[in-house]
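Asks: Sequence:
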Amino acid sequence: MNKDSIADIEITAENKCGFCTGSKCCSYFTQHVDTPRSKYDFEHLLWQISHANTQVYQDTDGWYLMFRSVCTHLQDDGRCGIYATRPEICRVYDNDYCEYDEPPEKNFKRFFADYDALHAYCKKRFKKWSR
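Our numbering runs 14 ahead of the 1-based position in the sequence shown.
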């Protein structure tokens, strides 16, 4: 489907997934974490973000670990390979307003792509970080 033919189609929650390239909602998952307050809490986050494909962000709902990991059931055409038996969390996923509409990164207060970024923040936040 080319862009001209897409312009004439009303995109709704029912057909939106067919227009999404990269199956964005199936390429990562997040885990809410307690708001880090102490040096110990941030050292724990530094350990976590040291693992491959792990990032940390804060938005209006709190702090999260984000794991960039594509679902193993995602097929090459972007469809779910276990659609009929997919987990409940996938069944209730609401795409009325999803990654297709706006990247989640737009609402991040803070984002740490890697260890170095979070470590720099820690050194700024805690003046005695190195001691």
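None of these hints come from the bench; they were simulated from the model. There could be a bad hint or two in this list.
[Said to hold, decoys possible] Here are the simulated DSBU-like pairs of lysine-lysine, each with C-alpha atoms no more than 30 Å apart in a straight line:
#1 K38 / K142
#2 K141 / K123
#3 K142 / K30
#4 K38 / K53
#5 K138 / K120
#6 K141 / K30
#7 K53 / K30
#8 K120 / K30
#9 K138 / K123
#10 K142 / K123
#11 K142 / K53
#12 K38 / K120
#13 K30 / K138
#14 K30 / K137
#15 K123 / K38
#16 K123 / K30
Asks: Look at each hint and say if it fits the structure.
Replies: Evaluation of the provided hints:
no., hint, verdict
1, K38 / K142, "40 Å, violated"
2, K141 / K123, "21 Å, holds"
3, K142 / K30, "50 Å, violated"
4, K38 / K53, "33 Å, violated"
5, K138 / K120, "23 Å, holds"
6, K141 / K30, "48 Å, violated"
7, K53 / K30, "43 Å, violated"
8, K120 / K30, "20 Å, holds"
9, K138 / K123, "16 Å, holds"
10, K142 / K123, "24 Å, holds"
11, K142 / K53, "10 Å, holds"
12, K38 / K120, "15 Å, holds"
13, K30 / K138, "42 Å, violated"
14, K30 / K137, "43 Å, violated"
15, K123 / K38, "21 Å, holds"
16, K123 / K30, "27 Å, holds"
Consistency with the previously given hints fails for numbers 1, 3, 4, 6, 7, 13 and 14, ordered from lowest to highest.
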